[in-house]
Amino acid sequence: MTSNLDHEPTLVSFSLICFPPLVYKTPTYTYSLQLRQPSHSLTDYNGRYEKENALCAPRQLRPEGFKDNPRLYVIRNPEWQGWVLDEAESIKHIKAAYDAGINTFDTANAYSNGLSEVILGNAIKQLKLPREEIVVMTKVFFIVGRTPGENVRTHKDPDQAGYVNQRGLSRKHIFDSVKKSLERLQLDYIDLLQCHRFDPDTPIEETMQALHDVVKAGWVRYVGMSSCHAWQFAAMQNYAINNKLTPFISMQNHYNLIYREEEREMFPSLDWFGVGSIPWSPIARGILCRPLTGTTKRKETDQYLNGYTTDTSPTQEIIKRVEEIAKKKGVSMAQVSLAWVMSKPGVTAPIVGTTSLDNLNDLIASVNVELTPEEIKQLEEPYKPIAIFGHM
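Letter by letter, the sequence shown follows residues 1 to 392 of the UniProt record's numbering.
Among the hints, a few may not be true.
Below are the EDC-like pairs computed for lysine to aspartate or glutamate, each with C-alpha atoms no more than 16 Å apart in a straight line [unchecked claim]: (1) Lys-320 with Glu-261; (2) Lys-327 with Glu-261; (3) Lys-327 with Asp-271; (4) Lys-344 with Asp-271; (5) Lys-344 with Glu-263; (6) Lys-329 with Glu-381; (7) Lys-328 with Asp-271; (8) Lys-320 with Glu-375; (9) Lys-344 with Glu-374; (10) Lys-172 with Asp-201; (11) Lys-320 with Glu-380; (12) Lys-244 with Glu-206.
Simulated restraints on C-beta separations [as the list claims (entries may be wrong)]: (13) Lys-329 with Asp-176: 42 to 50 Å; (14) Lys-244 with Arg-171: 16 to 24 Å; (15) Glu-132 with Trp-231: 33 to 41 Å; (16) Gln-316 with Lys-125: 27 to 35 Å.
Hint data in this document are derived by calculation from the structure and do not stem from the laboratory. Where a beta carbon is used, it is the ideal one built from N, C-alpha and C, also for glycine.
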């Protein structure tokens with residue numbers, strides 16, 4: 001049984017992008033998507049907030065352009081990771097999210113080896129979600145395995161395993177991947193196509209031209225980047241701008257209270273280019289949702305948790321302070337952790353996941369948690385730089 005403190009699954013990475021209006025630089029696009037009104041009063045959620053709160057105010061990733069809403073949703077399958085949700089439960093979460101006013105859903109072709117996109121596409125059709133209102137985000141880079149449970153990363157040589165030209169950001173792979181994503185999603189276009197990682201084996205010129213061409217073809221509306229070094233992002237963005245190609249409007253980067261390495265180079269770069277940040281793992285894959293003594297199925301089985309050094313004094317102290325502030329405010333640790341991320345300049349909205357509808361309600365309520373300058377200082381003070389991870 002998964003604990004209700006295990007907030008970040010990934011069959012349904014429910015990205016509640018919580019944000020009041022925020023406008024960035026570089027006016028490039030005029031396409032605009034507004035957040036729909038919830039179908040019920042938001043006071044249903046523990047009576048913490050009302051319809052007129054920040055949940056109903058989308059943030060722009062660029063001025064006069066693409067607008068995201070509070071919270072996204074990502075979808076995968078239990079065969080892929082034991083702690084994620086199945087299709088039926090995922091669709092329930094998507095419906096609850098949409099009913100609460102959320103219209104932005106984040107996934108990737110590699111999640112559950114393509115099944116994530118299939119489930120999201122099925123949900124859109126089954127729930128009859130209006131295409132003109134919802135925002136669908138997916139990604140390209142990694143290999144999509146032949147079955148939901150296959151771990152393609154165990155292949156030392158993907159080419160020998162039959163995956164030639166099925167990884168990276170080459171023109172061939174971008175075009176093939178986008179076409180297959182559209183088939184799985186059962187859609188005519190993708191709102192935001194994100195490069196899941198930087199590809200050192202493909203010339204930047206080839207990648208940026210291919211991204212521009214899938215936009216010109218009408219398959220994709222906008223492009224974004226994810227999980228790379230600041231110099232890599234700057235090189236790609238500058239090439240696009242200087243050659244009048246489609247530039248990135250977003251960066252989905254790794255950022256939370258116990259991993260703040262993005263503050264040194266990435267956030268200043270995003271500010272310079274006027275690009276919005278939609279951080280992944282804002283609650284450190286659930287670590288910031290519970291006391292150090294707490295445990296969940298994900299904590300016991302998620303291999304990616306190994307990157308976080310929870311046995312160090314700084315990390316332990318940060319978690320302790322999150323718990324203390326949460327108790328003082330009468331809110332959950334997840335809400336405090338998300339409130340901190342949302343308080344940071346340059347963050348458009350955090351991407352988070354849920355394993356239960358109760359968790360979803362808890363995450364939505366975080367939009368009303370405001371931290372004082374003293375509390376922010378208290379949370380940040382113990383942090384010490386750590387090795388970069390999450391870019392590979």
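Hint check:
| no. | hint | verdict |
| --- | --- | --- |
| 1 | Lys-320 with Glu-261 | 21 Å, violated |
| 2 | Lys-327 with Glu-261 | 28 Å, violated |
| 3 | Lys-327 with Asp-271 | 34 Å, violated |
| 4 | Lys-344 with Asp-271 | 12 Å, holds |
| 5 | Lys-344 with Glu-263 | 10 Å, holds |
| 6 | Lys-329 with Glu-381 | 19 Å, violated |
| 7 | Lys-328 with Asp-271 | 34 Å, violated |
| 8 | Lys-320 with Glu-375 | 13 Å, holds |
| 9 | Lys-344 with Glu-374 | 14 Å, holds |
| 10 | Lys-172 with Asp-201 | 13 Å, holds |
| 11 | Lys-320 with Glu-380 | 12 Å, holds |
| 12 | Lys-244 with Glu-206 | 14 Å, holds |
| 13 | Lys-329 with Asp-176: 42 to 50 Å | 49 Å, holds |
| 14 | Lys-244 with Arg-171: 16 to 24 Å | 18 Å, holds |
| 15 | Glu-132 with Trp-231: 33 to 41 Å | 38 Å, holds |
| 16 | Gln-316 with Lys-125: 27 to 35 Å | 46 Å, violated |
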